[in-house]
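From first to last, the protein sequence lines stand for chains X and E.
First residue of the first sequence: 0, per numbering that gives the first Met the number 0; consecutive thereafter.
First residue of the second sequence: 0, per numbering that gives the first Met the number 0; consecutive thereafter.
For the record, the hints were derived by calculation from the structure and aren't laboratory data.
One or more hints might be untrue.
Derived EDC-like pairs (lysine to aspartate or glutamate); straight-line CA-CA distance at most 16 angstroms [unchecked claim]:
hint: 1; chain 1: X; residue 1: K118; chain 2: E; residue 2: E93
hint: 2; chain 1: X; residue 1: K120; chain 2: E; residue 2: E93
hint: 3; chain 1: E; residue 1: K70; chain 2: E; residue 2: D98
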Amino acid sequence: MTDITLTELCIFACSEAFRNNGEIIATGVGPVPRLGASLAKLTHSPELMMTDGEAYLVEQPVPLGPRGYDDRKVAGYLPFSRFFDSAVWTGRRHAMVTPTQLDRFGQINLSYLGGTYDKPKTQMLGVRGFPGNTIYHANSFFFPVHSSRTFVPGEVDMVSGVGYNPAKRVPGGNYSGVDLRVIVTNLCVMDFGGIDNAIRVISLHPGVTFEEVQEATGFPLERGDIVETPLPDAEALAIIAQMDPHNIRASVIKDNPPARRA
Amino acid sequence: MTTKTLDKRMSAKAIVESLSDGMTIGIGGWGPRRKPMALVREILRSDLKDLTIVAYGGADVGMLCAAGKVKKLIFAFVSLDAIPLEPWFRKARESGTLDVLELDEGMFQWGLKAAAFGLPFLPTRVGLGTDLAELGGLKTVQSPYADGETLVAMPALKLDVALIHSNRSDWRGNVQLLGADSYYDEWFAKAAGKCYVSCEELVDRIEDHYPEDVQQNVFERCFVTGVVHMPCGAHPSSMPPTYGWDMKAFKAYADAARDPGDWAAVADRFVGASEEAYLESIGGKEAVAALPLPIF
Chain X
0 MTDITLTELC
10 IFACSEAFRN
20 NGEIIATGVG
30 PVPRLGASLA
40 KLTHSPELMM
50 TDGEAYLVEQ
60 PVPLGPRGYD
70 DRKVAGYLPF
80 SRFFDSAVWT
90 GRRHAMVTPT
100 QLDRFGQINL
110 SYLGGTYDKP
120 KTQMLGVRGF
130 PGNTIYHANS
140 FFFPVHSSRT
150 FVPGEVDMVS
160 GVGYNPAKRV
170 PGGNYSGVDL
180 RVIVTNLCVM
190 DFGGIDNAIR
200 VISLHPGVTF
210 EEVQEATGFP
220 LERGDIVETP
230 LPDAEALAII
240 AQMDPHNIRA
250 SVIKDNPPAR
260 RA
Chain E
0 MTTKTLDKRM
10 SAKAIVESLS
20 DGMTIGIGGW
30 GPRRKPMALV
40 REILRSDLKD
50 LTIVAYGGAD
60 VGMLCAAGKV
70 KKLIFAFVSL
80 DAIPLEPWFR
90 KARESGTLDV
100 LELDEGMFQW
110 GLKAAAFGLP
120 FLPTRVGLGT
130 DLAELGGLKT
140 VQSPYADGET
150 LVAMPALKLD
160 VALIHSNRSD
170 WRGNVQLLGA
180 DSYYDEWFAK
190 AAGKCYVSCE
200 ELVDRIEDHY
210 PEDVQQNVFE
220 RCFVTGVVHM
230 PCGAHPSSMP
240 PTYGWDMKAF
250 KAYADAARDP
260 GDWAAVADRF
270 VGASEEAYLE
280 SIGGKEAVAA
290 LPLPIF
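From just these sequences and the hints, can you work out the full model?
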């Protein structure tokens, strides 16, 4: 058997985020989150609902990359034109995404870096659906490069997603839907289970130390009951390979290192 | 007795001549999908200016920004999907020349719905806890009921005009939107004072041609002011099931933002002197029909 890669370990960790979520839309944006959601649905959580990335719901997750347009079986219909009604604004969704910045409150940014609203230094996508996603349903994150450029000191440049920052909470607002779950990176898994929802490390990938993670993070981290991030089993690896027939996952983390450091 | 006709056929030129400087124009579609690009190109060939553009943006927004047509942009994203950052939009933003109102994707359609229903706003939780409300000058309201909840009052996005590209229409504006998703085209149509529809196929009476597809009549003809036959009118965006997006064309367009980076120098390539000239330059209808549908 070939060596298990760090990316495959991350996919396995991402799939755990979707365990016991119930009948909700599992959205993984990007290869690792998408493979994580697919793996969850094909193993421990068949009740998850997924789209084909276009407008249809599928019970057999769609593999990554080129394929025949029609070689997916459609079981339901969830176009953009009813996405807010059915999934987002009813809270029936868990999205796993990769924003550009994330701060100690779990606030995220994908709008712009530096400069001002009227004249950003670097324009990015725009806030997309993140303000709504983060106030209505569960969200998790994946970052292929754990660094203080992503996990920024202070606050993100443009708060595009709701976090646990008390200063940002307009009095009288209903924040009961804010539900940040886990952060999977190339170094560790974190959650928001610290004091006042502070971010804490809950598992370290094989060979990684807490100090190394802290060094790569722009704000202080808490220590949870830290374990070693488990390696995917043979069944999980087979499903990952089947869902990623073109091995797109090999290009996610630089040099595609093994899960266990040499 | 005169027979009242409901013939809403117009030319693209006549549609654009009916528009004026400073108007608020909503553009249907989503990113690189189902965009009324032929009508956008007709605007790019005109002298129109100082427009407020309201769109789930793709190259429509990028081109109008690049050409200096846009005074204000109301958006949630501007993206070409496989080319995530729309380069001409990016240039315009980073030069600080645009007024903007940045919105969440869901708030955006909520604002169109408020406009459609003639309401000043619709309440939502979306925007709370982020920088959106403060940066966009959005106000809050308090529920008058026992819960007393504070909510963002998403203002109506009232459009002077909406531009939409549909698969089919008849002369009276009975449209049919095929493909897997019609996005928020329905709400652009209803939020607008006038709505102009370009279509891949134009028939006289749709009930004589496609009665079996009547459920694809996503919005009713009372929301259609004018129709124009524009085959390949979404190019380079996608128009399922007829054709996919033209990633090669998007790439050339994106590359031109870096080199030479000057819209005036390249506009002719991406707009053309006329729609006929444009179509010819991209290889004609056959080339567009051969574009494969995107796979996600």
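Quick rundown of the hints versus the structure:
In summary, the hint linking K118(X) to E93(E) is supported, as the alpha carbons are separated by about 5 angstroms, within the 16 angstroms threshold. For the hint linking K120(X) to E93(E), the alpha-carbon distance of about 6 angstroms falls within 16 angstroms, and the restraint holds. Distance hint between K70(E) and D98(E) is fulfilled; the C-alpha atoms sit about 6 angstroms from each other, no more than 16 angstroms.
Of the numbered hints stated above, none is contradicted by the structure.
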